[in-house]
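Enquirer: Line by line, the protein sequences give chains A, B and C. With numbering that gives the first Met the number 0 applied, the first sequence corresponds to residues 0 to 305, in that order. With numbering that gives the first Met the number 0 applied, the second sequence corresponds to residues 0 to 330, in that order. With numbering that gives the first Met the number 0 applied, the third sequence corresponds to residues 0 to 298, in that order.
The hints are simulated quantities; they were obtained by calculation from the structure and are not laboratory data. For glycine and all other residues, C-beta sits at the position ideal for the given N, C-alpha and C.
Computed cross-link-like contacts, EDC-like style, restricted to lysine to aspartate or glutamate with a CA-CA straight-line distance of at most 20 Å: (1) K131(A) x D196(A); (2) K129(B) x E213(A); (3) K251(B) x D230(B); (4) K82(C) x E70(C); (5) K79(B) x E41(B); (6) K131(A) x D289(C); (7) K251(B) x D221(B); (8) K165(A) x E257(C); (9) K219(A) x D298(A); (10) K17(B) x E81(B); (11) K219(A) x E118(B); (12) K131(A) x D285(C); (13) K82(C) x E257(C); (14) K79(B) x D8(B); (15) K304(B) x E327(B).
Using C-beta positions, here's what the derived DEER-type ranges look like: (16) N211(C) x Q66(B): 30 to 36 Å; (17) R133(C) x K219(A): 33 to 39 Å; (18) G155(C) x I126(A): 46 to 52 Å; (19) R133(C) x E152(B): 41 to 47 Å; (20) N24(B) x S100(C): 42 to 48 Å; (21) G50(B) x R133(C): 41 to 47 Å; (22) E210(B) x K219(A): 30 to 36 Å; (23) V72(B) x G197(C): 54 to 60 Å; (24) G166(A) x S53(C): 40 to 46 Å.
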Amino acid sequence: MLKYIGFRIFQALLGLWFIATLVFILSRSIGDPAEVFTARNSGVDAREIMAAKLGLDRPVHEQYLKFLGQLVRLDLGDSVSNGIPVTQILVERMPATFTLGLVALIFALALSLPLGVLGAVYRDSAIDWIAKVLAFLGQSMPPFWSGIMLIILFAVVWEMLPPAGKGGWQSYILPGFTLGWGVMAGMVRLVRSSMMDVLDSDYVAMARAKGLPEAVVIGKHALRNALLPVLTYSSLVLGAFMNGSVVVEQVFAWPGIGTSAVQSVVRRDFPVIQGVVIVFGSFFILINLFVDILYAVIDPRIKYTP
Amino acid sequence: MVNRNAEDDILLRVEGLKTYFFQRNAVLKAVDGVSFTVAQGEAVGLVGESGSGKTMTCLSLMRLVPQPGARIVEGEIWFKDENLLDITEHEMRAYRGHRMAIIMQDPQTSLNPVYSIGEQVAEPVRLHLKERGQQAMTRVLDALRAVRIPRPEQRLVQYPHQFSGGMRQRVVAAMGLTTQPELLIADEPTTSLDVTIQAQFLRLIRELQQESGTSVIWVTHDLGIVAQMCDRVNVMYAGRIVESGRVRQIYKEPQHPYTRALLDSVPLMGARRDKLYQIEGQPPDLRSIPQGCPFWPRCPEAMDKCKEQYPPRTSLGGQDFVHCWLTEEGR
Amino acid sequence: MANTTMQTVAPASAWLVRVRSSLSVARRVPKIPTAVLLVLMIFALFGQWIAPHSPVAVDMANSFAPPVWHEEGTANNLLGTDKLGRDIFSRLIRGARVSLSLSLFVIALGGGVGVALGLISGYAGGKVDAVMQRGIEVILAMPTILVALVFVFAVGRSFESVILILSPFLAARFARIVRGETLSVRERDFVAIAKVIGTPTWMILLRHILPNVFNTIIVLATLEVGHLILLESSLSFLGVGVPPPQPAWGLMVADGREFLTSAYWITLFPGLCILAAVLSLNLFGDWLRDTLDPRRRQL
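Chain A on its own, in the form it takes in the complex (with noise of 0.2 Å):
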């Protein structure tokens, strides 16, 4: 078990090595490093002093090398457009995101694991009817439609929510909804056809042989292992809630790093996307990490395997 917490850690690390590594190479091949590191119509002293702080004058192996102690340090540069520096810019921005991203989990959870079982174990039912439904629902709606359609009725219509922003509890609701919405989709289905597998299983079918109250068969034997499967296509489930993110978040005006993707990109403001793609992606893996160590608790069948 240590050893494979080892070995998963050690593959952490060397995933966020090349991330590094990704964004090192595209901060050097999508122009000059010195224009591109500096804002648009900053003077020719400017870019110099960036040309020196990123050591163009040297060959690439010690820009390189520079780049990624910088990295350790977490410098990360100062954002060209308003010149702060880019640690802070997300620092200040990432517990929103996360918060956000929370929100919409529970609600996704809270929404796709019962309709999951519940459309497993009545298989046909009216449930299992809603289930589909909504799964499909989710599976098509764009999500940045949905959202503006839900500040319509909740804020401009009815006046219960605010249209955007981040503030009070109540301003969590709407964003996290439509982020949590897509992503139950996927999940719903997922939970219920796993489930389904296990439903039919021979062990199940002992479970219930044993004289095992339903809720007890359903809850304890059943549950555990539809849980795997869904376990197994969290990275993806993950990679939907960054892609949600940065929608949702440029929908309700929410001050979180998705939205700070999307204006970099306008700007043109290199150093912040850079650490945006840095940020994200060691999010991704250091979830992928716990997410293993979890699988790892709960199925006793993994060991060690590289």
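Based on the hints, put chains B and C in the right spot on chain A.
Expert: Then chains B and C, alone, in the frame of chain A:
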């Protein structure tokens, strides 16, 4: 023990059991009017080809037919003096895993991969015997010892994937036997085991049965196992019992052509035959069982009558009977 | 092998049976989704003759005209106009062409590459397979929209760059599924026979394996078109998709955001179009899967 008559001895009496699968545009008659009895301490064989309704009969006894799809449509299942088809689901649960237990075909899949062996064997103990903690653990250990699992204290905390097929099947047996059930249903428990492991397992179950006096229903397609394990045998074909009798009697004088065919297809030790007999044709499609005796298309001795009407029950003395026009006409 | 011989000697009536069964399948086609998809295809193909106006013709005097069922609405602009007075209905029709053509390009490019990779990976097995699977997993795990943002930052915003950035993701999805199918088809007897008689590998892949995974590919392609329309519209909404003045649906939604309270129609209808298109594709794809490929419930 005073004044025991045959009626008191009966543990299980199945009467006219019918379990059908309801498909989109067909009704599959998996069990179509099965009647048999199991006396206390008796081992009864349920024999037939795959698809003859053996497994579905067993699942019906536990009221665990696949849902949705299958339904017990008719019949009575008397366990001592209670009809299992009349009681509530809640009452039925008190039978399952307590008074009747089942061992399924495939030990690879009948244990839950994410719980330890100890936990799974302990479940029926906690549920039905209301024992907890140390007391329950002792009973689990006893059960594992009874099925001859070496080093039970260490294996208790291990998971199914750490056990071999034969050992897993022993765990399943232990799981069923901890609560000392009155009836054990063994649904082809040795089919997926190696021959040597199979022999060990059969011996083990027979010993346990003799010690505890549990009644056993052996489901199998292997008449060799029946000869070894059972007192009585019921031969099933297309969802019905076509012949029933004491093992010795049936082996000596099989009445139904199907029973004869089954016996002829068993390679017997010592008795060398020029070639093994093989039953021609396929078992019938249970969605459209032909009129008359369902075996007639494959029967070497089929008569015109066989195609028209299902043969009545012909008593062969005692509880033995056969459904065949040959025997019926012969008397 | 056995199968083909069986079919060649089958009596003529077998043909009749097949025609009849395909007719009965056709009768069970989900009617509404199929109709919606047909309408969209007609819009995409013959839009310029159907649309009452040019999708890009600016008419400032007629900006923010409401749909026809409002009091001030006119039949001239059935679904109203946007802030530049462009006809929403005509723009939606052109948007169908943008969305569908872009998706088809990506399916052709990414799907083609993905199918090829999946066939090779599944058939070769061993190290080749392991390496390719790792690569595919990495791509599948990447958040598409974020990667697209960076990509557009690097190469600029155009119809082609959207195709280029979406294709690898699609290729990875195709490769994963096709590989799984190939693995199982590879073990079938007719492949073994083909190998024994010395059929070259490329021929085995094309003649024996590809036809057997074809149903899966068709189902996957149908479902993926819907997925692509969603992704493309999200990118357009974020301002990194198809550049204006091309009326992409996602872009139209974004355009209308400022005027939600005064001119809801600018936002509502393109969104409904996306929803109708994607929902229809999903329903149709689901039906197709159940009909062609019932084993793949999880697709």
